[in-house]
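Novice: The residues making up each chain are set out below.
There are 2 protein chains.
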Amino acid sequence: MTAGKIVAVMLTACVALILSHPATLAQATDRHAVHRFANVVDLTHALDEYTPYIPVPGLTFPFKKTPIATVVKNGVAANRWEIHEHLGTQIDAPIHFFEGALSLDQLPVASLVVPLAVIDISARVASHPDTSVTVADIEAWERQHGRIPERAAVMMRSGWDSRIDDARAFVNADAGGVMHFPGFSPEAASFLARSRQAAGIGVDTLSLDRGDDATYATHKAWLGTGNWGAELVANLQHVPPVGATVFVGATKVKGATGGPVRLIAVW
Amino acid sequence: MTAGKIVAVMLTACVALILSHPATLAQATDRHAVHRFANVVDLTHALDEYTPYIPVPGLTFPFKKTPIATVVKNGVAANRWEIHEHLGTQIDAPIHFFEGALSLDQLPVASLVVPLAVIDISARVASHPDTSVTVADIEAWERQHGRIPERAAVMMRSGWDSRIDDARAFVNADAGGVMHFPGFSPEAASFLARSRQAAGIGVDTLSLDRGDDATYATHKAWLGTGNWGAELVANLQHVPPVGATVFVGATKVKGATGGPVRLIAVW
Numbered sequence: 009m010t011a012g013k014i015v016a017v018m019l020t021a022c023v024a025l026i027l028s029h030p031a032t033l034a035q036a037t038d039r040h041a042v043h044r045f046a047n048v049v050d051l052t053h054a055l056d057e058y059t060p061y062i063p064v065p066g067l068t069f070p071f072k073k074t075p076i077a078t079v080v081k082n083g084v085a086a087n088r089w090e091i092h093e094h095l096g097t098q099i100d101a102p103i104h105f106f107e108g109a110l111s112l113d114q115l116p117v118a119s120l121v122v123p124l125a126v127i128d129i130s131a132r133v134a135s136h137p138d139t140s141v142t143v144a145d146i147e148a149w150e151r152q153h154g155r156i157p158e159r160a161a162v163m164m165r166s167g168w169d170s171r172i173d174d175a176r177a178f179v180n181a182d183a184g185g186v187m188h189f190p191g192f193s194p195e196a197a198s199f200l201a202r203s204r205q206a207a208g209i210g211v212d213t214l215s216l217d218r219g220d221d222a223t224y225a226t227h228k229a230w231l232g233t234g235n236w237g238a239e240l241v242a243n244l245q246h247v248p249p250v251g252a253t254v255f256v257g258a259t260k261v262k263g264a265t266g267g268p269v270r271l272i273a274v275w
Numbered sequence: 009m010t011a012g013k014i015v016a017v018m019l020t021a022c023v024a025l026i027l028s029h030p031a032t033l034a035q036a037t038d039r040h041a042v043h044r045f046a047n048v049v050d051l052t053h054a055l056d057e058y059t060p061y062i063p064v065p066g067l068t069f070p071f072k073k074t075p076i077a078t079v080v081k082n083g084v085a086a087n088r089w090e091i092h093e094h095l096g097t098q099i100d101a102p103i104h105f106f107e108g109a110l111s112l113d114q115l116p117v118a119s120l121v122v123p124l125a126v127i128d129i130s131a132r133v134a135s136h137p138d139t140s141v142t143v144a145d146i147e148a149w150e151r152q153h154g155r156i157p158e159r160a161a162v163m164m165r166s167g168w169d170s171r172i173d174d175a176r177a178f179v180n181a182d183a184g185g186v187m188h189f190p191g192f193s194p195e196a197a198s199f200l201a202r203s204r205q206a207a208g209i210g211v212d213t214l215s216l217d218r219g220d221d222a223t224y225a226t227h228k229a230w231l232g233t234g235n236w237g238a239e240l241v242a243n244l245q246h247v248p249p250v251g252a253t254v255f256v257g258a259t260k261v262k263g264a265t266g267g268p269v270r271l272i273a274v275w
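Read top to bottom, the protein sequences are chains A and B.
Basically my numbering = 1-based index in the first sequence + 8.
Basically my numbering = 1-based index in the second sequence + 8.
Hints were generated in silico from the structure; no laboratory data involved.
Heads up, some of the hints might be wrong.
No distinction is drawn between identical chains; accordingly, a pair holds when it is met within one copy or between any pair of copies.
[Unchecked claim] With a cut-off of at most 25 Å between alpha-carbon atoms, the simulated PhoX-like pairs for lysine-lysine come out as follows:
#1 K262 to K81
#2 K81 to K228
#3 K72 to K262
#4 K73 to K228
#5 K228 to K262
#6 K228 to K72
#7 K262 to K73
With these hints in hand, go ahead and build the complete structure from the sequences.
Specialist: Structure representation (structure tokens):
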């Protein structure tokens with residue numbers, strides 16, 4: 009190859025490289041460049057007194073909002089809330105099951121802006137709610153979509169959020185009070201923490217655990233690794249299996265075991 | 009210049025271009041590319057019973073958290089909260105001052121992931137807390153940093169958050185009960201809505217208004233445009249004047265006039 013040809017080839021390569029990265033060029037030419045996302049999807053259910061929750065007699069209760077001021081009477085409107093830390097689209101901190109572990113305000117902020125991976129088991133759940141995301145599901149997902157990104161939020165899409173307006177169907181308790189809905193298996197949770205360094209897991213149901221596991225095995229396996237878990241996640245059918253970033257807007261209450269969370273996916 | 013020298017210069021240029029954009033190159037070779045931000049800054053104060061708030065006798069009250077279950081007694085820990093909608097790092101919805109206007113759950117999700125612009129008036133505030141971000145401040149900022157991006161969150165950095173651990177100094181009421189801290193002027197708020205299409209404004213103090221304005225003129229001027237306002241914003245000294253994106257993790261409570269918000273800046 010002559011020097012002239014080498015120059016030509018390199019010129020072509022350089023131009024191709026430049027043309028393939030318009031955003032980079034725009035940034036280079038505009039010192040006030042701002043980042044815009046083409047897609048912004050809300051993964052959060054709106055919370056009200058009808059929002060389903062795990063019924064624990066004497067402990068849990070529905071959300072309650074009471075006016076403390078109104079525009080007509082006070083010139084300004086405001087409400088007080090009675091709420092517990094595990095209501096609505098919510099996040100669990102490790103201290104929920106482990107004394108002395110991280111509380112909600114102590115979660116590293118870098119763990120709250122992470123890549124999102126969505127594992128869809130809705131076809132299986134439709135006929136069999138007593139099922140879990142397993143290690144085999146994760147491996148099957150990876151064969152299709154590539155390795156789960158490090159420090160990702162891995163979420164189960166079970167199709168359960170279609171029941172959100174029917175708290176009874178959402179809790180799905182049988183005559184004996186045993187709940188039936190899917191979750192993560194404890195083994196899958198451990199695998200995601202240890203072998204994929206996941207930052208968080210999420211479910212579109214009421215619990216990281218399957219509804220029929222009263223031992224909270226998945227909560228313990230997962231939160232024991234020092235990471236967060238999200239429940240009652242919405243709209244996972246509207247985000248790609250991989251490629252989005254999720255913002256985890258965890259309420260920052262000192263010492264909290266969990267709390268409402270605003271989840272927003274962007275890509 | 010010889011062909012050899014041209015090749016050398018182009019090689020150097022290409023290598024420099026490649027080395028300056030490692031993330032871009034990594035994305036080009038990975039079909040499951042995920043977005044990572046080099047900087048993630050938490051703009052949220054942790055909420056507890058000592059967090060300052062605007063005292064309105066008979067209406068407002070400090071945050072309260074009470075255990076409803078503990079690991080020792082119940083195998084799981086959880087708390088109940090008593091809270092009103094304008095406590096801690098918080099967001100106001102238009103319905104806070106206007107009946108029938110947007111409530112917290114109705115804010116468009118696209119308005120919750122926006123470019124951040126920070127206007128620093130801390131030098132002036134240090135000697136004179138009864139001051140505001142004015143239209144002149146915005147114009148001066150634009151001469152230095154370029155036009156405020158459309159649909160941005162524009163935040164006042166007054167230095168006030170250095171007082172966060174002293175509620176009395178934060179509220180800064182005089183003997184007559186008049187509070188003294190900076191805010192946005194009503195004219196600046198209107199200008200940002202009408203001439204810059206801002207999506208939100210934020211302050212590191214207790215109110216969008218100056219503390220000594222009991223008429224809530226800025227709240228009304230701003231919220232009347234249908235946009236959100238954030239208060240008690242933290243750490244604005246740790247983000248650039250422009251170039252970051254702010255994620256506005258507003259609690260999603262149906263019909264709420266406001267609520268705790270998790271604010272995270274990334275760039």
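Novice: When the hints from earlier in the document are held up against this structure, which numbers fail?
Specialist: 6
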